[in-house]
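For the protein sequence lines, the chains are R and X, in the order given.
As numbered in the numbering used here, residues 1 to 228 make up the first sequence, in order.
As numbered in the numbering used here, residues 1001 to 1248 make up the second sequence, in order.
Keep in mind that a hint or two might mislead.
To be verified - Here are the simulated DSSO-like cross-link-like pairs (lysine-lysine), alpha carbons at most 30 Å apart as the crow flies:
hint : chain 1 : residue 1 : chain 2 : residue 2
1    : R       : K80       : X       : K1002
2    : R       : K93       : X       : K1002
3    : X       : K1156     : R       : K173
4    : X       : K1245     : R       : K117
5    : R       : K168      : X       : K1151
6    : R       : K30       : X       : K1240
7    : R       : K117      : X       : K1151
8    : X       : K1151     : R       : K193
9    : R       : K95       : X       : K1151
10   : R       : K102      : X       : K1156
11   : X       : K1151     : R       : K93
12   : X       : K1156     : R       : K161
13   : X       : K1002     : R       : K97
14   : X       : K1240     : R       : K80
15   : R       : K93       : X       : K1167
16   : R       : K66       : X       : K1004
17   : R       : K95       : X       : K1167
18   : R       : K102      : X       : K1002
19   : X       : K1156     : R       : K93
20   : X       : K1167     : R       : K66
21   : X       : K1156     : R       : K95
22   : X       : K1144     : R       : K93
23   : X       : K1167     : R       : K117
24   : R       : K109      : X       : K1156
25   : R       : K95       : X       : K1240
26   : R       : K18       : R       : K193
27   : R       : K95       : X       : K1002
28   : R       : K109      : X       : K1245
29   : X       : K1156     : R       : K80
30   : X       : K1245     : R       : K97
31   : R       : K171      : X       : K1151
32   : X       : K1004     : R       : K117
33   : X       : K1162     : R       : K109
34   : X       : K1144     : R       : K117
35   : X       : K1144     : R       : K18
36   : X       : K1245     : R       : K102
37   : X       : K1004     : R       : K80
38   : X       : K1151     : R       : K173
39   : X       : K1167     : R       : K109
40   : X       : K1156     : R       : K66
Hints are computed from structural coordinates only; laboratory data are not their basis.
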Amino acid sequence: MEAKIVVKNIEKSFGEIKVLDNISFNVLDKEFVSIVGPSGCGKTTLLYLTREFLDDYGGEINILGKNGFVFQDHNLFPWKTVKENIEVGPINKGKSKCEAEKITNDLLKEVNLGEFKDHYPPQISEGMKQRVGIARALANNPEILLMDEPFGSLDYLTRLKMQDFLLKLCKEKGLSVLFVTHDIDEAIKLSDKVIVLSKRPARILESIEINESNKVIVKKRIMELIGN
Amino acid sequence: MKNKTIFYSFISFFIFLLFWQVSVSIFEVNTTLFPSPWMVFHSLFESRQLFSDIVVSLIRLLAGVVMGIVMGIVVGLFTGRVSIVNDTLGQILNFFRFIPPLALVPLFIVWMGIGEISKISLLAWTAFFPVWISTFNGARNIEKNYLLVAKSLDVKWFFMLKDIIIKGSIEYILNGARIGISFAFSVLVAAEMLGAYVGIGHRIATFQSVYRIDKMIGYIIILGIFGLIVDKFFVVLSRKITPWKNGS
């Protein structure tokens, strides 16, 4: 199968501190890959490198196809309404007002926020904000989604709902996803493959394929690896 | 403001005026020096130039302040986002920031005469600094995450400037502008006292030389009301500019 993200021998240091050490993996077409690891090990750094938010690294990163990024804490622009937040992508891709509005309205329907389109971010709930964050990332019709602990700040029930929502979305749109989380259950539930990173400097301890039958064993194994 | 607040502030103003009026009559003071509020009120209607004084002062204030604010925003954005501009232009301006504008009045008059240009320039100069500093802080401290979002969506430079940098620092800009306006307001009156033939400040100085204390006090009260209205207007304008701040 064709690869959507190719990461080869990545090394990254901040000054004297080595954060990532010889990381290599692929995300295949329509594959959902999670990265788990102890907090502060460099998961987010790895994801930021993938999207070229950081430079000055060793190794090779290729991202093949249009991509959207979903941030931890949603990072919606507080001065823009829900609708305007989603429109940022299309407008900057040179779409007309009219086209951008159509894209936005369709997405709003998909994330079930039609009636909140003129609200400002502080006026809606955390779960809604993150749905807007996802809609914003989807507005340029990406094939790849990069997600940085998108559900980390949500309460338990909302998080479960959002996970189901995301799975459905990925299936419908045929998305390839690189997903960073510190929640092992979340990673196992969502992913086709889980990459387990070590403490800093992070190396790949194991890359585990998930299927219906091995979920319990995988969880045990990851717990052993990370050591909590 | 709540209705209750408005009600109480009116009542207290009324009591203040009443107290003033009554004390002037009871203590039989020299009303040339301490006119009663009624005399002050009455004298204002004798002042034929009142309207033109207000209009002229207002236009000066507006012209100077608008120039100062625009310059302050432009320079603030540049110094805030481009470090080389801050290291050069920013440092020079930071030196000029500490010169009290009123110290420049004689110099401005020598260079530009006592006409409108010198006064408007002085007001622009005065309003510029607080707007610049504020905008600088706003632009410099824009959350890094917003810039990453912009990058992830391949935002174009003009959109970046207008919708992310400016909108992201708009509260700082508005705060600076509000302070700039109040600075310019006090400098306006002083500048008019020093060299002008029309305007509120000039008239106050004139009334002093002909000992019309009643008119003087009247004009001073007008100044207070004038400042209050400008500030209230600015608050309403700010709310219009930042709708996302309302009722969240």
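Each hint, compared with the structure:
no., hint, verdict
1, K80(R) <-> K1002(X), "holds, 28 Å"
2, K93(R) <-> K1002(X), "violated, 46 Å"
3, K1156(X) <-> K173(R), "holds, 27 Å"
4, K1245(X) <-> K117(R), "holds, 17 Å"
5, K168(R) <-> K1151(X), "holds, 27 Å"
6, K30(R) <-> K1240(X), "violated, 46 Å"
7, K117(R) <-> K1151(X), "holds, 23 Å"
8, K1151(X) <-> K193(R), "holds, 28 Å"
9, K95(R) <-> K1151(X), "holds, 18 Å"
10, K102(R) <-> K1156(X), "holds, 21 Å"
11, K1151(X) <-> K93(R), "holds, 13 Å"
12, K1156(X) <-> K161(R), "violated, 35 Å"
13, K1002(X) <-> K97(R), "violated, 40 Å"
14, K1240(X) <-> K80(R), "holds, 14 Å"
15, K93(R) <-> K1167(X), "holds, 20 Å"
16, K66(R) <-> K1004(X), "violated, 57 Å"
17, K95(R) <-> K1167(X), "holds, 22 Å"
18, K102(R) <-> K1002(X), "violated, 42 Å"
19, K1156(X) <-> K93(R), "holds, 9 Å"
20, K1167(X) <-> K66(R), "holds, 28 Å"
21, K1156(X) <-> K95(R), "holds, 13 Å"
22, K1144(X) <-> K93(R), "holds, 22 Å"
23, K1167(X) <-> K117(R), "holds, 19 Å"
24, K109(R) <-> K1156(X), "holds, 27 Å"
25, K95(R) <-> K1240(X), "holds, 28 Å"
26, K18(R) <-> K193(R), "holds, 26 Å"
27, K95(R) <-> K1002(X), "violated, 45 Å"
28, K109(R) <-> K1245(X), "holds, 26 Å"
29, K1156(X) <-> K80(R), "holds, 17 Å"
30, K1245(X) <-> K97(R), "holds, 25 Å"
31, K171(R) <-> K1151(X), "holds, 27 Å"
32, K1004(X) <-> K117(R), "violated, 35 Å"
33, K1162(X) <-> K109(R), "holds, 28 Å"
34, K1144(X) <-> K117(R), "holds, 25 Å"
35, K1144(X) <-> K18(R), "holds, 23 Å"
36, K1245(X) <-> K102(R), "holds, 27 Å"
37, K1004(X) <-> K80(R), "violated, 34 Å"
38, K1151(X) <-> K173(R), "holds, 23 Å"
39, K1167(X) <-> K109(R), "holds, 27 Å"
40, K1156(X) <-> K66(R), "holds, 17 Å"
Hint compliance for this structure: hints 2, 6, 12, 13, 16, 18, 27, 32 and 37 are not met, and every other hint is.
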